[in-house]
Amino acid sequence: MVVTNWLNNSIKLLAALSIGISSLTAQAAVLDPDRADMLYHSYEGGGMTIDGPSVMLRKKASESVAITAYYYMDSISSASVDVVSTASPYTEKRHEGQVGVEYLYDKTLMSLNLRQSNEDDYLAQSFSINVSQDTFGDLTNLNLGLSYGDNEIKRNGDDIFEEQSEQYRIRAGINQILTRNLTASFNVEAIADSGYLNNPYRTVRYLDSSIPSGVGYQAEVYPETRNSFAAKLSASYFLPYRAALFFHYRHFNDSWEITASDVEVGYRHPIGDSIELELKVRYYQQTQAEFYSDLFPYRDAQNYMARDKELSDFSDITYGLGITYQLPASVSFGDTRSEASLQWDYIDFQYNNFRDPTADGGIGNEPFYGFSANVIRAFVSVYF
Amino acid sequence: MKTFTLSPRTIALTLKGIALLSIIGLSGCSSMGIEPWVKPYERQNLADPIMRMNRHPSASMHIAHVLEGRESSRGAEGTGGGGCGCN
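As given, the protein sequences belong to chains A and B, one line each in that order.
Counting with the UniProt record's numbering, you get residues 1 to 384 for the letters of the first sequence.
Counting with the UniProt record's numbering, you get residues 1 to 87 for the letters of the second sequence.
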């Protein structure tokens, strides 16, 4: 019902915007330049190692049409705390592919993007439509977008298990040049999920005096709908000695009663003509889902139950460092310009009501869990 | 349990807000007597590549993917989106 309303309202909104856009006469904008990116990514922390390659290619077919293609792979080896306590460590691969087309008409940029992500037990397919428009002497850019995604969920080792979920997204944003050194943007997005939203492998724990360990496990049960809303304010400031300062603040809440916010400050500093240094700090915190508990008092204690640490009350802090080096012409292909970049993020997670079941202390009195992760991206970008 | 804290009314109001913003933007603030105050020739600082928020798009996509798997917050990244597809 809510989803249908969203869709109807969204279509009306896009139609109104299209009429508005078609009534404008403006000087043409330009598409972003052609580029190719080859990236290696790695994540290590909390008993998980995820790494793999990604490739992105963007090419203009004409002055008004550009095509993008993207491939990404995750090679996952997991022995995280929730896996160790109730299941066996596992390895798996996830492949993701995207294709997109952009069409520029005067100052209106329209894009369509198709995406598919494949795992042994998860198939996700989605499409996105985005429209953006430069206006007010190109001081303002407005954008609107819609996405729809369909997911098929399976459970390894269980041939009968097959569930589905779907997701609608609608988003809008405004980018505004405020001064000759300052730009700001404001983005909002509403997301509606329905269907099977659990993780089919995860369990909750409850007190059970009838067994020697004193603790029993049963499957998680999530609601079959989730609606969320996020708003983000961003700003970029050009410093007088040629450096850039970035700021983001995002607020989020959803129908599972999770409220979250994150704030990030970044700084980019060129050194000479060929090096750029990047520093960032980001802080995130969220409240728990209404149906989350680290330890339920008995079996089937509630209609909905979760002990997924991502739904608990926690905070994390990220420190990031990046360097980009513009490669000399002698090592670039033909007339192209190339850059090599290395980025490292250190993330520290502290959970406020998720206990480490592998630690001592007695059931329900174990210390709170926490872990840190190192995230690395090494990539080469070629502009042609 | 409360299934919808985001009522259809809230969503409708949000959409109307977006529509109003779009109409103001599209009709141009000039209709309200406001002229663009930063001229095209005054934008060389803003056009500097170091000012690009999405300077490295495939790195931004990776960061978003990592965070979406570990945090409940999602949306409004300002970079298109499309869902995580991970469990």
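One or more hints might be untrue.
Subject to a maximum C-alpha distance of 20 Å in a straight line, what follows is the list of computed EDC-like cross-link-like pairs (lysine to aspartate or glutamate) [claimed, not checked]:
id, chain 1, residue 1, chain 2, residue 2
1, A, 93, B, 35
2, A, 154, A, 208
3, A, 280, B, 68
4, A, 280, B, 71
5, A, 232, B, 35
6, B, 39, A, 138
7, A, 93, B, 68
8, A, 154, A, 119
9, A, 107, B, 71
10, A, 154, A, 63
11, A, 59, A, 34
12, A, 59, A, 32
For the record, the hints were derived by calculation from the structure and aren't laboratory data.
Against the structure, the hints come out as follows:
no., hint, verdict
1, 93(A) <-> 35(B), "violated, 54 Å"
2, 154(A) <-> 208(A), "violated, 30 Å"
3, 280(A) <-> 68(B), "holds, 18 Å"
4, 280(A) <-> 71(B), "holds, 18 Å"
5, 232(A) <-> 35(B), "violated, 27 Å"
6, 39(B) <-> 138(A), "holds, 9 Å"
7, 93(A) <-> 68(B), "holds, 18 Å"
8, 154(A) <-> 119(A), "holds, 10 Å"
9, 107(A) <-> 71(B), "violated, 36 Å"
10, 154(A) <-> 63(A), "violated, 44 Å"
11, 59(A) <-> 34(A), "holds, 5 Å"
12, 59(A) <-> 32(A), "holds, 9 Å"
Of the numbered hints stated above, those contradicted by the structure are hints 1, 2, 5, 9 and 10, listed in ascending order.
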